[in-house]
Amino acid sequence: MSALDNNAKEIAEDAGGEELATSSPEINQKEQDNRSAGPVILFFIIGLFASLILGWIIFPKLLYSKKKQPIDFNHVLHVAEVEDGCESCHFFREDGTYSGVPKLEQCIDCHEEIQGDSPDEIKFVEEYVSKGREVPWLIYSRQPDCVFFSHAAHVKGAGMDCVTCHGHIGESESLKIYEENRITGYSRDIWGKSIGGFKKNTWDRMKMDDCAECHREKTANIERTDVKTPTNRLIDHLIDMVYPGTSKSGKGGSIQTERDACFVCHK
Amino acid sequence: MKIDRRSFLSFLIGGAAGTTLSPLTWKLMDDSAIWTQMWPWTPVPEDGEASYVNSACSLCSGGCGITVRKIDDRAVKIEGMKGHPLNNGGLCILGLSGLQLLYGPTRVWTPLKRVGKRGRGRWEKISWKGAVSEVAETLGDLRKKGQSHTAGIISGSDRGTVPRLFDRFLTVYGSPNLMRTSSIIDSYELTLHLMQGVQALPGFDFENADFILSFGSGIVDGWGSPVRMFRANSTWCNTGGKVVQIEPRLSNTAAKSDKWIPINPGTETALALGIAHVIIKESLYDAEFINYYSEGFEDWKRFVLDEYGPDSVATITGIDSATIIALASSFARASKPLAICGRGQGTTPGSLNECTAVHALNALVGNINKKGGIFAVAEPDYINWPEVEMDARAAVGMQKDRLDGAGSKKYPFSRHLLNRLPQAINSGEKYPLKALFVAGANPLYTMSDSKAVKKAFDKVPFVVSFSSYMDETAQNADLILPNHAYLERYEDIPTPAGMPKPVIGLSRPVVKPLFNTKHTGDVIILLAKAMGGNIADAFAWNSYDECLKETLGYKWRVMVEKGFWSHPDFFVQTHEESFDTVSGKFEFAPKETGSLKQFKPVKIEGDKTNYPLLLIPYDSIRLANGVVGDPPFVMKSVDDTVLKGTDVFIELNPKTAGEHGLREGQLAMLSTPVGKARVKVHLFDGIMPGLVALPRGLGHTAFDDYLAGKGINFNELIGPVEDSVSGLDAAWGIRVKLAKA
Ligand code: SF4
Chain F
1 MSALDNNAKE IAEDAGGEEL ATSSPEINQK EQDNRSAGPV ILFFIIGLFA
51 SLILGWIIFP KLLYSKKKQP IDFNHVLHVA EVEDGCESCH FFREDGTYSG
101 VPKLEQCIDC HEEIQGDSPD EIKFVEEYVS KGREVPWLIY SRQPDCVFFS
151 HAAHVKGAGM DCVTCHGHIG ESESLKIYEE NRITGYSRDI WGKSIGGFKK
201 NTWDRMKMDD CAECHREKTA NIERTDVKTP TNRLIDHLID MVYPGTSKSG
251 KGGSIQTERD ACFVCHK
Chain H
268 MKIDRRSFLS FLIGGAAGTT LSPLTWKLMD DSAIWTQMWP WTPVPEDGEA
318 SYVNSACSLC SGGCGITVRK IDDRAVKIEG MKGHPLNNGG LCILGLSGLQ
368 LLYGPTRVWT PLKRVGKRGR GRWEKISWKG AVSEVAETLG DLRKKGQSHT
418 AGIISGSDRG TVPRLFDRFL TVYGSPNLMR TSSIIDSYEL TLHLMQGVQA
468 LPGFDFENAD FILSFGSGIV DGWGSPVRMF RANSTWCNTG GKVVQIEPRL
518 SNTAAKSDKW IPINPGTETA LALGIAHVII KESLYDAEFI NYYSEGFEDW
568 KRFVLDEYGP DSVATITGID SATIIALASS FARASKPLAI CGRGQGTTPG
618 SLNECTAVHA LNALVGNINK KGGIFAVAEP DYINWPEVEM DARAAVGMQK
668 DRLDGAGSKK YPFSRHLLNR LPQAINSGEK YPLKALFVAG ANPLYTMSDS
718 KAVKKAFDKV PFVVSFSSYM DETAQNADLI LPNHAYLERY EDIPTPAGMP
768 KPVIGLSRPV VKPLFNTKHT GDVIILLAKA MGGNIADAFA WNSYDECLKE
818 TLGYKWRVMV EKGFWSHPDF FVQTHEESFD TVSGKFEFAP KETGSLKQFK
868 PVKIEGDKTN YPLLLIPYDS IRLANGVVGD PPFVMKSVDD TVLKGTDVFI
918 ELNPKTAGEH GLREGQLAML STPVGKARVK VHLFDGIMPG LVALPRGLGH
968 TAFDDYLAGK GINFNELIGP VEDSVSGLDA AWGIRVKLAK A
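Going down the list, the sequences are from chains F and H.
For the first sequence, the residue numbers in our numbering are 1 to 267.
For the second sequence, the residue numbers in our numbering are 268 to 1008.
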């Protein structure tokens, strides 16, 4: 076999190892193959990069629409004015439920009259306070309707601070653009800024896995070594459903937290 | 460079590899999963601050106290008010579903004026000012022409501030024609008036009674104050109280009773007298009461002993004489027996002789105004407004006879005879009705002989509805002046009939009015002011709320705090003070009625040859048949042996069905002298042979799609039968013929 032959074979094999390289003795044919190997790689690379660019860069741009909050709120300014930090406005009601984003009722004490001359303040008082209309705040951390989440259990029960989930929003001077997922209608903050789902801080994402991560860590009776991959957990869970009690970790609970039943968090 | 197939494939493969390495697929999968949870039609509960408001339910005359849970400004759940003397935390299925009426599509959003022909459903919005001045103008014209008496009001009640404001308005305007929706309470009021000489409502001390003899009253089917009755029924289960249910059909009440005695329909009076016969004959009666506190007993005794021996009663009622004797004995020997009447939910008054016969049983065992017995409960006298000053026109108008004949020579004791109104209008024998207000009532649905009622309405040139909902009557009005819904307004809810002590409930706004509606009380005041003169002077209040607060006086504070007011030192009257008859005693045979002539069987419509069977209605707690119809949630609870799709089922004994060649589920044609209807057959062993039973509460043409067009309105098949003494509707059924459809 000539060197040329060898060369052609290698290239052909690189391009996908098609049978052409070994099956045809014709030099002309080989030359032709030789010529087409370049474009094949090139197109593979084009396809690869195009889809990577599409998936990582263009897709998120298409997926999210950008919305401005109705009023630009300055947390720093307010935190300095109030006594109880976050809880001054985001408080627990007497029955233990959480008030979430403040209603006009909380603002009205100070904002009955226009304070200062910021255009947002003027807009706030004129369009909302004096008309008695609630501000349609866009809520970054709003979860799907089926999610049951108790602030009391986390903040009062487990003593967590706001930052763990909400980040340093309390130190912001202006509200960031609200990016709304065009399919689900939820804020981008739930999936996280990183479209790949990577996170550096606990508050970077608010998906179920992020809940589960913390829950598993805090669950003393489950060893780190017991923590399984999602696939393993699913299999365990299925076994547990079919043959209850046989799987070591199934226990009829959530496959995410390996504790509690699904309906604890899912309504 | 040539792009060939391989390059293209390679591009795709590269693309696929790249896509796999990018988050696109995974993210889209996740998002589409969330999207499926987010479909816009999935109801999402409101999030916000929870609070509770105490109010009162006025969807029926039960008067239950309610506690409404709110999340921020939205009412999300109605619960029974704990500690309320009537329902103490309980609630019926209708009361529970009230939010569907508040937020549902049947509300009238704004004052409406008819465009085009009446009943076509074409309306134009008008302002409140325009609406009130239009009414004022029409009424003013009539008054100027000296025809003030041709204006009338059909009201769901004549008690409480709003009906009394209407009454006041009509009086000072100059018309005697305020007509109240009738029910068994009319018969009871009349009975108490004739036998005890009092103007009062009946109050039954069910909670302390231990033997209930029910002449067809649907104790757990919505009779009286329904939730109170459920609770009383549970009490009897726990304390060993007995219930004997007498009716031709195995109703829910009959099924839950200790003994069900099927009876030939319409023969309840005879049975009551038969029981009296046995009690007298065996000297089981309360001799002290009879000897010291009753009058006319000897005459009555003779009459009962002569005519109503167990054997002849057995022939009339179809109940064998041994059962009658045993029943009489157990009733009289019980420590706290109580006999009640009013078929089903008691929506028809029935014959007066039936009511007096049943009441006489209570007198025989001496349980009048006694623990566990029946009380005459006087109105709490909280409405003390200054007398109106009538001008000459009003005085003339008020002198005119009532159109319905109540209080006339023929029916001197009755106060309201709404059942006679359609005939009075249609025959034109007295005078025409030129303006009609309808408030708290839906006569075009609830009155019997729907066709005649419709015809009468068509003859009234000006009909104004005050309904919060687009009901049958509102649909056929010229003007709708929508009241706030019951959860949006203040109103006093006077003691419901049947309660042995006075309780006034307070309906109060749970939510702010959702639409451009106005409190009917305010509309009356505005209307009076618009009419000026003496009429305006009679309404010195600036608003209804002011009127209510002022009227209730110190009670207002208690009611706001507790949600209701009950008489703190209500005491049971002694027998000496109980009776206000001429004799000062209980009258077994009231003289006013011409001694004993009240004991006559009711002759129902139809002849036996053409209409061989008997049609009777039945009531169910799952079928509202009063001023509102079933909201969707209640509709869902209706059994598919009652209604399937749009077909209603009649109940038929398998024997009768066999005679007519009818099978389960088969379509049949029902014809009575009044109307015809296509129905489906349901075979039921619990109904006596020869009878056909049809549920009440269906066949609406108004309200929402869940209710309208389903089944048949029983009132289309039956007409009123006038009681010879009271003039009230005594019909308990009608003759009917059945054929395969
Ligand atoms: S019984 Fe009547 S008043 Fe009581 S909750 Fe039911 S509908 Fe309302």
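Hints were generated in silico from the structure; no laboratory data involved.
We put the CB at the ideal spot given by N, CA and C, even for glycine.
A hint or two may mislead.
As a list, the in silico DSS-like pairs of lysine-lysine whose alpha-carbon atoms are at most 30 Å apart [to be verified]: (1) K903(H) to K977(H); (2) K66(F) to K903(H); (3) K977(H) to K131(F).
Pair by pair, the computed Cβ-Cβ distance ranges are [what the hints assert, rightly or not]: (4) G976(H) to S130(F): 29 to 35 Å; (5) S318(H) to E126(F): 28 to 34 Å; (6) S65(F) to E316(H): 28 to 34 Å; (7) V264(F) to K1007(H): 54 to 60 Å; (8) D120(F) to L288(H): 39 to 45 Å; (9) S65(F) to K396(H): 27 to 33 Å; (10) L288(H) to K199(F): 52 to 58 Å; (11) V320(H) to V264(F): 43 to 49 Å; (12) E126(F) to P372(H): 55 to 61 Å; (13) T968(H) to H266(F): 39 to 45 Å.
Hint by hint, here is what the structure shows:
no. : hint                            : in the structure
1   : K903(H) to K977(H)              : holds (12 Å)
2   : K66(F) to K903(H)               : violated (44 Å)
3   : K977(H) to K131(F)              : violated (45 Å)
4   : G976(H) to S130(F): 29 to 35 Å  : violated (48 Å)
5   : S318(H) to E126(F): 28 to 34 Å  : holds (29 Å)
6   : S65(F) to E316(H): 28 to 34 Å   : holds (31 Å)
7   : V264(F) to K1007(H): 54 to 60 Å : holds (58 Å)
8   : D120(F) to L288(H): 39 to 45 Å  : holds (43 Å)
9   : S65(F) to K396(H): 27 to 33 Å   : violated (46 Å)
10  : L288(H) to K199(F): 52 to 58 Å  : violated (19 Å)
11  : V320(H) to V264(F): 43 to 49 Å  : violated (31 Å)
12  : E126(F) to P372(H): 55 to 61 Å  : violated (35 Å)
13  : T968(H) to H266(F): 39 to 45 Å  : holds (43 Å)
The structure does not agree with the numbered hints 2, 3, 4, 9, 10, 11 and 12 stated previously, though it agrees with the rest.
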